[in-house]
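Undergrad: Between the sequences and the hints, there should be enough to build the whole structure, so can you do that?
Protein chains: 4
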Amino acid sequence: MMGSRGMTLTGILKDGVHRLDIRVYYEDTDHSGRVYHANYLKFCERGRSETLKCAGIFHTDLAAQDLFFVVRHMDCNFLGAATIDDVVSVETRLHQQGPAKFVLDQRVLRGEEVLFAARVTLAMVNAQGRPQRIPAGLLQKISES
Amino acid sequence: MMGSRGMTLTGILKDGVHRLDIRVYYEDTDHSGRVYHANYLKFCERGRSETLKCAGIFHTDLAAQDLFFVVRHMDCNFLGAATIDDVVSVETRLHQQGPAKFVLDQRVLRGEEVLFAARVTLAMVNAQGRPQRIPAGLLQKISES
Amino acid sequence: MMGSRGMTLTGILKDGVHRLDIRVYYEDTDHSGRVYHANYLKFCERGRSETLKCAGIFHTDLAAQDLFFVVRHMDCNFLGAATIDDVVSVETRLHQQGPAKFVLDQRVLRGEEVLFAARVTLAMVNAQGRPQRIPAGLLQKISES
Amino acid sequence: MMGSRGMTLTGILKDGVHRLDIRVYYEDTDHSGRVYHANYLKFCERGRSETLKCAGIFHTDLAAQDLFFVVRHMDCNFLGAATIDDVVSVETRLHQQGPAKFVLDQRVLRGEEVLFAARVTLAMVNAQGRPQRIPAGLLQKISES
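The listed protein sequences derive, respectively, from chains A, B, C and D. The first sequence lines up with residues 232 to 376 when you count with the working numbering. The second sequence lines up with residues 232 to 376 when you count with the working numbering. The third sequence lines up with residues 232 to 376 when you count with the working numbering. The fourth sequence lines up with residues 232 to 376 when you count with the working numbering.
By construction, these hints were calculated from the structure, which means they are not laboratory data. Be careful, since some hints might not be right.
Chain copies aren't distinguished; within one or between two, either way the pair holds.
To be verified - No more than 20 Å apart at the CA atoms, straight line, and that leaves these computed lysine to aspartate or glutamate pairs for EDC-like:
hint, residue 1, residue 2
1, 284, 317
2, 372, 316
3, 284, 316
4, 245, 292
5, 284, 252
6, 245, 322
7, 372, 343
TA: This is the structure in structure tokens:
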């Protein structure tokens, strides 16, 4: 899915850092003229979803096994502000991995400027919200990617 | 849930018209300084949900029977624009009802000014998206409310 | 911005039809397991924004002239349902153009299956919401693209 | 705007804690059947907006002075999960206040169960995003409320 001159939907995973380009649209902005703060969390979730896809992991397969990723903790630093028409990049890198959780570092950048930085702790639950062990095959796919 | 001097979460159903008050927040606006167009559809969906609750119908009960309401058609007229801090009212009235669909007329007003008007056709599906007959008890609850 | 094997952020404009690929993420779905109905309008707005960019028109430039596009009317047909991980395509084509409005036909497809189809009437306003003539240069850029 | 038996749009400010009731709608949920994580930040922003209104402060007045609140930091703990039809309460209390920032503690509860807890640092900027001192009158209004 990768083009010669840019990133496509799936983004690029290189040297342990995944990078996804995202355009800022009307829907992302608010009346201050900038991106609404909670939407940086949406951008990060898109980055995580594409990182998983690069490792061959799909939400549809997980849901079929009654498994869902949930965010347990997110420490969010709002450092700058994107505006409409901007193209921002979401960077995702694995910080730490355990039997029941992942810790990721994520940043949203416009060029070299860091607009948003967060450390995110993810866990796995079933449809009733009960914690589940992360399947061994999934951990292996991620560590190999 | 109804207060003496205003509407609460559930809104008011009177003479066949349901009315729900909604505040406009940062999240609802876009960089033009007004409410983002697609958010009027969200406001209408909130109005429909509270109309159903006034008739004793809850999405949780429907989901437990593998039933979900879906919008099939919506003719949307964007006539004005709400801005931040505004309180708007969503009006919902039944236009037509059949064994497998409802047609509603909905409006979003600020005071007397109509900002948005739509005719909405709703149907019922299961989790696989297949059309389902609307349960007789549900039709009765709505026609009696 | 176009890659060799796929569409990038800007999409592709060919034979008068613009096509933009969009991934369905967690944020787009609702508890029914499908894309929330109002989000098809967001997808269409992204398609319109990228269509304008292909014609060399940017919201930032318009905003600097106190010009904003607004949706006046949208006739929405919800024909199918996308689910998480899906890649859908937004097609945008010009139906009609006047001194103060555009009418577009837009569709959201998954492969060959049409999930959503709408006719959209757009007008131009200033920050106070007053109707504005569409600049002649803008009309020319669009008709030439 | 306060009713006799429940909270209305503005919520209740008592003993330094503001409380706002919010209904969970289709738009708030995702395909896991629960509220999408970023939407707790929207709920908190609604709580902050109504807290300000209780102190006589309106975003429209601030915007007229070219002043906007922005979130600088938010430490988010996702502890539980709301589902459709739930009524949740957003609690907002002032933790600390300085010449250029506020620190708030916010929680989202369903009954006694804490679903989300965050410490939020807010600052003030102008439309260009430059930091601004918080007007003295505004600080006074908040400390007196």
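Undergrad: Which numbered hints does this structure break?
TA: Violated hints: 4 and 7; rest satisfied.
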